[in-house]
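K.L.:
Each chain, letter by letter, is given below.
There are 2 protein chains.
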Amino acid sequence: MAEPARNRGAIDLLRERFGARLSTSAAVREAHGKDESYHAPQAPDAVVFAHSTDEVVEIVQICAALGTPIIPFGAGTSLEGHVAALQGGVCLDLTGMNKILSVNTEDGDCVVEAGVTRKTLNEYIRDTGLFFPIDPGADATLGGMAATSASGTNAVRYGGMRENVLGLTVVMADGRVVRTARRARKSSSGYDLTRLFVGSEGTLGIITEVAVKLHPVPEAISAATCRFPDILSAVNATIATIQSGLPVARIELIDEISVAGINKYSGLNLVEQPTLFLEFHGTEAGVREQTQRFGEIAAGYGGGAFDWATKTEVRNKLWEARHTAYYASLAMYPGKKGMPTDVCVPISRLAECIAETKRDLAESGIEAPIIGHVGDGNFHTLLIFDPDNPEEVARCKAFNERLILRALAMDGTCTGEHGIGYGKLAFMQAEHGEAVSVMRAVKLALDPHNLMNPGKVVRI
Amino acid sequence: MAEPARNRGAIDLLRERFGARLSTSAAVREAHGKDESYHAPQAPDAVVFAHSTDEVVEIVQICAALGTPIIPFGAGTSLEGHVAALQGGVCLDLTGMNKILSVNTEDGDCVVEAGVTRKTLNEYIRDTGLFFPIDPGADATLGGMAATSASGTNAVRYGGMRENVLGLTVVMADGRVVRTARRARKSSSGYDLTRLFVGSEGTLGIITEVAVKLHPVPEAISAATCRFPDILSAVNATIATIQSGLPVARIELIDEISVAGINKYSGLNLVEQPTLFLEFHGTEAGVREQTQRFGEIAAGYGGGAFDWATKTEVRNKLWEARHTAYYASLAMYPGKKGMPTDVCVPISRLAECIAETKRDLAESGIEAPIIGHVGDGNFHTLLIFDPDNPEEVARCKAFNERLILRALAMDGTCTGEHGIGYGKLAFMQAEHGEAVSVMRAVKLALDPHNLMNPGKVVRI
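Protein chains in written order, with this note's numbering: chain A, 1 to 460; chain B, 1 to 460.
Read the hints as simulated data drawn from the structure, not as lab findings.
All figures in this text were calculated on a predicted structure; none of them were measured in a lab.
Treat the hints loosely; a few may be bogus.
Think about it this way: if two alpha-carbon atoms lie no more than 25 Å apart in a straight line, the pair counts; the simulated SDA-like pairs of lysine to any residue are [unchecked claim]:
#, chain 1, residue 1, chain 2, residue 2
1, B, K99, A, K99
2, B, K358, A, E106
3, B, K119, A, Q243
4, A, K99, B, S348
5, B, K213, A, K358
6, B, K213, A, E106
7, A, K213, B, E163
8, A, K358, B, S244
9, B, K213, A, A409
10, B, K213, A, G245
11, B, K34, B, I460
12, A, K311, B, T53
13, A, K213, B, K311
14, B, K119, B, T53
15, A, K213, B, E352
16, A, K213, B, K397
17, B, K99, A, D411
18, A, K311, B, S348
19, A, K213, B, T53
20, B, K119, A, G245
21, B, K119, B, W319
22, B, K397, B, T324
23, B, K311, A, G245
24, B, K213, A, G159
25, A, K213, B, G245
26, A, K99, B, A409
27, B, K213, A, D411
28, B, K213, A, L405
29, B, K213, A, Q243
30, A, K99, A, Q87
Sequences are here, hints too, so could you generate the full structure?
P.N.:
Pasting the structure below:
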């Protein structure tokens, strides 16, 4: 791919300023225009590697002056085409901003640059007695996780990024630098800009620093797997658990297809039945009590005996297997691709939503492992399709649309944690109605020339 | 006070449409231009009583067409002049919108009209096994609590309105009706409009319906008071409790002056020493365990024996006394007024902040009971002053300014839960810097003619 002529002015200025940290090589550009999704990638015209907020300001000012779009890039693990340079422009790679700026153990918080990944952070704070609970599976950057409002397995107990970001440093479309909040745990001082930028997917500004809450490592942690005769029994046991107020830390559904995939991919020997992966956090006595109560609930839905994993290594292996379920499922279908879905519904509707979805899958002749953060009412199907077969692609897309409309009809959302990118843009109106016009007004107020990751979240 | 000539056009149209539900009587107007604060009230030109979202739309459209400001009004219990009609206009009284629209016990949520108060809601759901934990002391409306991002004693465990509002129905400045979110517990679908309107104090739109999370009533609840030799010992015990990860549900500081006030006002017999009011929620065993651990921590800071209140009536009496502490303190100083302060700092700085504040109070010769939601790093002083003595007023204002700058220097906020209104407008720049310009851009995008509660939160 030849170097594009578009946006030459900005690229020339950026090269002058950043030298070798500005790349227009085809390989670098292509790697920065695609994420882990099935959506068509689109390479940016150039990639610039920033090392500080001040550098981001310079880059944004150059691009703003010349009308060049900017797309921020972290780990590239988004799932709805978030990083595709739909209108060309410059990709701003933030992975070089990987410093942990402060860890405040007494307050249980820390401030990191946007390119720090969740695993790097947890490794760094290992000896503090604190941990950062948000784990979207991939080892994403905290900037990217904030930008997509990520969550993951622990969200049922600890919340997602929305609940755990204390404040952000953001470079606005005109180069102004804004700090959205201070480190106090509570504030009612002005509009909640922190939450406005969490989930804004780079469309309102570039997140360069993230302050997050950290949580005390529980005195006792106990993980287990629990098999059920069928998927609805597992889901109903989950619903009853949540409704009982049991403060389970993780409660993850893995259907029998996904269990098979995990066994093969991660070398486990789980019985290939619908299974809940669970984790309980608390004091020794508290964890024992929670476990016993969950056991009573599960038994009422045909749940089998627990397989316990109290040792750290066994527990880590289990959750590592859970986190690679996406790749494990894909590995079962060589030559195929996967289309992940991501609806979330009020928990009272979850069993019904999954039952109808299973029926729809069967009727549509689509193979699709199901996994879910079921404690939140959030589940994923991974629709397996042959990328060279347009009919299969269309069938999966039609299925996803039906699934989303089903979730919306149940007062749910088209995306529990993956975000909109451009892959779900078409569903914004159905989900939000008139609220889309309010989002558009906010976007135009903060990015009047539509240069910040254009074509994502809201249509302009 | 004669009926004002300002905004006559809108008022005539509203009277035609709403008849007796439009009032221009001096008494009604004056009652709607003041809150519970010391800030100068300002009566609106008229008050209209709305009974539905559709009526709010009609009112907003009439006012928008004629350029008349609108100020929403709930219980009138705000503390920073939020409801003063600084530029005249129409006060929109929402207390007639007092229907509970749905209670979804299986999902642990409910939807109410904006005028429902927290006590009404908790009374209504009494038999469901669920409760709504946010209690700002006053029996505020849920619309008002959302608008000011209220919190209160339970926030340390359950969060405030920011964490507990699931979605809002909002009438925008041009009469559009927006629903900010559906009932799913998680979503990363578009900008977080819910959190944008929480804390927006009526300046971006009128909240007419509120969906909130409900929580299971704990199996066991245990409340206690624990005395300390001095205020810093109580604060340090709190800090140690929070840092240990103990999931205390309430941990409230009451200084010796406030204890005296409460004893007199609520007929209690507490020893007049700095005291923590505590509550533990959990299973029977869990509450026992939490209590024991707190006891060990407290003993390390000279904490005395607990006075227990496990019986519901005794517990209610205790918290009722806590909630009336503001009025109890005022009652100790007949003829005087009180200026409540509301800083919140990272908990590691709380003892230092309170110590410096006590010193400043002594040096300034100001009497001021101190109470605090200390588990969040949030505390209030109630500065007692003679309203007829301008020097005293000025001294208290200067003290409040020093207190706020002290909190900001500790990475804290000028208001943990009372909001900005017009009383704290002067501190927005010091706290937020460049972020104020972002807030202003959002305000102008959603309310271009500055008719929604003008003069509050951001200067236009």
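K.L.:
Next, verify each hint and record whether it holds.
P.N.:
For each hint, the structure was consulted:
1. B/K99 x A/K99: Status violated; Cα separation ~51 Å.
2. B/K358 x A/E106: holds (23 Å)
3. B/K119 x A/Q243: With a Cα-Cα distance of about 23 Å, the restraint between B/K119 and A/Q243 holds, given a limit of 25 Å.
4. A/K99 x B/S348: holds (23 Å)
5. B/K213 x A/K358: violated (29 Å)
6. B/K213 x A/E106: violated (30 Å)
7. A/K213 x B/E163: Roughly 14 Å separates the two Cα atoms, so the pair holds.
8. A/K358 x B/S244: violated (45 Å)
9. B/K213 x A/A409: holds (20 Å)
10. B/K213 x A/G245: Distance ~13 Å between B/K213 and A/G245 Cα, so the pair holds.
11. B/K34 x B/I460: With Cα atoms ~22 Å apart, B/K34 and B/I460 stay inside 25 Å; holds.
12. A/K311 x B/T53: violated (56 Å)
13. A/K213 x B/K311: violated (35 Å)
14. B/K119 x B/T53: Satisfied, since the Cα-Cα distance of roughly 22 Å is no more than 25 Å.
15. A/K213 x B/E352: Roughly 22 Å between the alpha carbons, so the hint for A/K213 and B/E352 holds.
16. A/K213 x B/K397: violated (33 Å)
17. B/K99 x A/D411: Holds, at roughly 21 Å.
18. A/K311 x B/S348: Given pair A/K311, B/S348 is violated - Cα atoms ~33 Å apart, limit 25 Å.
19. A/K213 x B/T53: violated (38 Å)
20. B/K119 x A/G245: Holds: B/K119 and A/G245 sit about 22 Å apart, inside 25 Å.
21. B/K119 x B/W319: Holds. B/K119 to B/W319 sits at ~13 Å (cutoff 25 Å).
22. B/K397 x B/T324: This hinted pair holds, its Cα atoms lying about 24 Å apart.
23. B/K311 x A/G245: holds (22 Å)
24. B/K213 x A/G159: holds (14 Å)
25. A/K213 x B/G245: holds (13 Å)
26. A/K99 x B/A409: Within the cut-off at roughly 24 Å; holds.
27. B/K213 x A/D411: holds (15 Å)
28. B/K213 x A/L405: This hinted pair holds, its Cα atoms lying about 24 Å apart.
29. B/K213 x A/Q243: The hint holds at about 12 Å.
30. A/K99 x A/Q87: Violated: A/K99 and A/Q87 sit about 31 Å apart, past 25 Å.
When each numbered hint is compared with the structure, violations occur for hints 1, 5, 6, 8, 12, 13, 16, 18, 19 and 30.
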